[in-house]
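Asker: The lines below spell out each chain.
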Amino acid sequence: MAADAVKSPFSNREYKYGFVTDVESESFPKGLNEDVIRRLSAIKEEPDFVLDFRLKAYRHWLKMVEPKWAHVAYPPIDFQDLRYYSAPKKKGDGPKSLEDVDAEIIATFNRLGIPLSEQKRLTGVAVDAVFDSVSVATTHKAELGKVGVIFCSFSEALREHPELVKKWLGSVVPYKDNFYAALNSAVFSDGSFVYIPKGVRCPLELSTYFRINAAETGQFERTLIIAEEGSHVSYLEGCTAPMRDENQLHAAVVELVALDNAEIKYSTVQNWYAGDREGKGGIYNFVTKRGLCSGYRSKISWTQVETGSAITWKYPSVILQGDSSVGEFYSVALTNNKMQADTGTKMIHIGKNTTSKIISKGISADESVNSYRGQVRILPSAENARNFSQCDSMLVGNKSSANTYPYIEIKNKTAKVEHEATTSKISAEQIFYLKSRGLDDEGAISLLLNGFCKEVFKELPLEFSVEAVRLLEMKLEGSVG
Amino acid sequence: MLDISNLHVTVGAKEILKGLNLKVNEGEVHAIMGPNGSGKSTLSKVLAGHPDYAVASGTIHYDINFKPKNLLDLAPDERARAGIFLAYQYPVEVPGVNNAEFLRAAFNAICRDQGVEEMDPLDFDSYLREKIQFLGMDAKFMDRQLNVDFSGGEKKRNEILQMAVLAPRLAILDETDSGLDVDSLRLVSEGVNKLRSDSNAVVLITHYQRILSYIVPDFVHILANGQIIKSGDKSLALEIEERGYDWLLN
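In order, the protein sequence lines correspond to chains A and B. Per my numbering, the first sequence starts with residue 1049, numbered consecutively. Per my numbering, the second sequence starts with residue 52, numbered consecutively.
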């Protein structure tokens, strides 16, 4: 897979997605005000309710302050010094089909391993490709359309399916939810929209690939997935960005809704540029992801492999409203160099017989800081709720740190909540021991990683688990010596 | 197969081995005895290629495909794949890594290196079970995490299991007998004896004569102050047992 990668256990691996695509783009000048939002909404030809939503969010955001409780440190962000929209220049009316998409962009996605052309597409996977502020292509739409599945860019959904968006937009993550969710609600540009009709098992794996290309531009995508009664969908997102000396802001919102007996499996392989060894540059990944198990026996499962970003602030959560609903969170978060990650989940039990499971694996190397922050809330209405949490941290070297912040709040006596946590360390002696049995650096690290993370890796869709494991190995090889 | 000549080794600023010479041929068992701090474990770590042990001067030649190669040019994993095996005095615990998966990964790494077909999980499972039975061990060893929460004796036996699975040409046993009760010592020794052949060799580092009555050495060397000061046959070990080291040191 990575034949081009030169193996050196002591030097840092090159971030192989760090290139910039030379494409003519249309960008807004820097700055944020109501006019910028109106202009954004006009470009996207949005219905009025969306502009209303944006403006309400913006006005609320102005009154909010940035959250400071996370275990991360960074200089203040000047929100007027960012661009809120950048898109590859359209030819004529903009791409109607894949043939109209700029060849440079197609080439970019090819280089990222996401072929968009009909012939080379990944088998069994439909892809929505988001480049800076816009979705440039969505594959397999016709095939999905046959079973009634809607998979398109968020902008298209606003034009083509306004009634669905209106019904669910902000229903899981209200614009007032938090500082970054409010900002996103005001300026979100694109993202993916998924609708699975009643009783349909989505025949393809759905996937969105987010690429930041333009400099000094924030990416504010929004994803909304609705799984109607008895439906099933598996969705995967991947993300990369060029290497730049400045930090770039990525503040996304993801909302999931699962109705009676529906199941949503949402997987993320996050590999935003993380900055260099000295901690210069990299993406600030401040993301709000939440799922609502609104129906009886509905299930939402988050799986994330977080390997990039200078700073991660992210807590994919599940609100277990429907009786007997199930929430799951499987996470591997790897930090190295000077990365900082504060990530975890929230499981809010409202319905009866609801169950949740949290498996978090944090790996911190070099001088990075890796924190798990998780909340389990059992509300008075949640009879017989169950939660199991397991948070394991692995330290590589002596300068990294790992923290675990579990918050458990139980308001119903019938609840059963279990929490387990461990901290271990990869030592040079372990690596030497494995090598002295014939394993090379790669083999030794792979064995250690797989051993530590296997409960999470097995949750990833097969097509992506190999890639994800490889990604982690490459990251860690530079840090273990 | 192994030729160590005038070997000087430092750890940090301290010289531990001060001109050590040792020759080992196929089919031989060499016992290395010596007082505490004489450099016995240093010798084993240097042969395995531990990065903390710096060779200041001298040579180590090891035959690969019947040709002597400079062992110091090889990385630890290359040495292992070339048939060198160190049974550690203190095997490291590796949490999360399954014992059987680890052994299969190591076994297949050696297969790949030798151009032999790798073993699939099912075949390896039978192969491993056979070795476990051969050594009179419990099959539960397979499913445990590598050395995690193993007793001292279990760790030592797990090292011998690894040796049985990887079938090295040169096995260095670093105080494999220490911390073993009589029954474990007998089992481990029987295991080693079963693995002896005309084509492989064993270097057995020990404090005590006891193990040498189970694994009978062809040569006994006394290592003191970083040098081999006396070599002999098995009777030398008995003499040490009786008289200690002092008579040799003065």
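Don't take every hint at face value.
To be verified - Simulated pairs of lysine-lysine, DSBU-like, Cα-Cα distance not exceeding 30 Å:
1) Lys118(B) to Lys69(B)
2) Lys1502(A) to Lys191(B)
3) Lys1386(A) to Lys1246(A)
4) Lys1394(A) to Lys1473(A)
5) Lys1111(A) to Lys1246(A)
6) Lys1473(A) to Lys1405(A)
7) Lys1405(A) to Lys191(B)
8) Lys1224(A) to Lys1189(A)
9) Lys1394(A) to Lys1111(A)
10) Lys1506(A) to Lys69(B)
11) Lys1447(A) to Lys118(B)
12) Lys1224(A) to Lys1400(A)
13) Lys1400(A) to Lys1506(A)
14) Lys65(B) to Lys118(B)
15) Lys1473(A) to Lys191(B)
16) Lys65(B) to Lys1473(A)
17) Lys1116(A) to Lys1224(A)
18) Lys1405(A) to Lys1328(A)
Bear in mind the hints are in silico, worked out from the structure with no lab data behind them.
Asker: All hints, please: hold or fail.
Answerer: Hint-by-hint comparison with the structure:
no.: 1; hint: Lys118(B) to Lys69(B); result: 27 Å, holds
no.: 2; hint: Lys1502(A) to Lys191(B); result: 20 Å, holds
no.: 3; hint: Lys1386(A) to Lys1246(A); result: 46 Å, violated
no.: 4; hint: Lys1394(A) to Lys1473(A); result: 27 Å, holds
no.: 5; hint: Lys1111(A) to Lys1246(A); result: 40 Å, violated
no.: 6; hint: Lys1473(A) to Lys1405(A); result: 24 Å, holds
no.: 7; hint: Lys1405(A) to Lys191(B); result: 29 Å, holds
no.: 8; hint: Lys1224(A) to Lys1189(A); result: 33 Å, violated
no.: 9; hint: Lys1394(A) to Lys1111(A); result: 25 Å, holds
no.: 10; hint: Lys1506(A) to Lys69(B); result: 52 Å, violated
no.: 11; hint: Lys1447(A) to Lys118(B); result: 44 Å, violated
no.: 12; hint: Lys1224(A) to Lys1400(A); result: 28 Å, holds
no.: 13; hint: Lys1400(A) to Lys1506(A); result: 29 Å, holds
no.: 14; hint: Lys65(B) to Lys118(B); result: 33 Å, violated
no.: 15; hint: Lys1473(A) to Lys191(B); result: 25 Å, holds
no.: 16; hint: Lys65(B) to Lys1473(A); result: 29 Å, holds
no.: 17; hint: Lys1116(A) to Lys1224(A); result: 17 Å, holds
no.: 18; hint: Lys1405(A) to Lys1328(A); result: 36 Å, violated
The structure fails to meet hints 3, 5, 8, 10, 11, 14, 18 from the earlier list, while all remaining hints are met.
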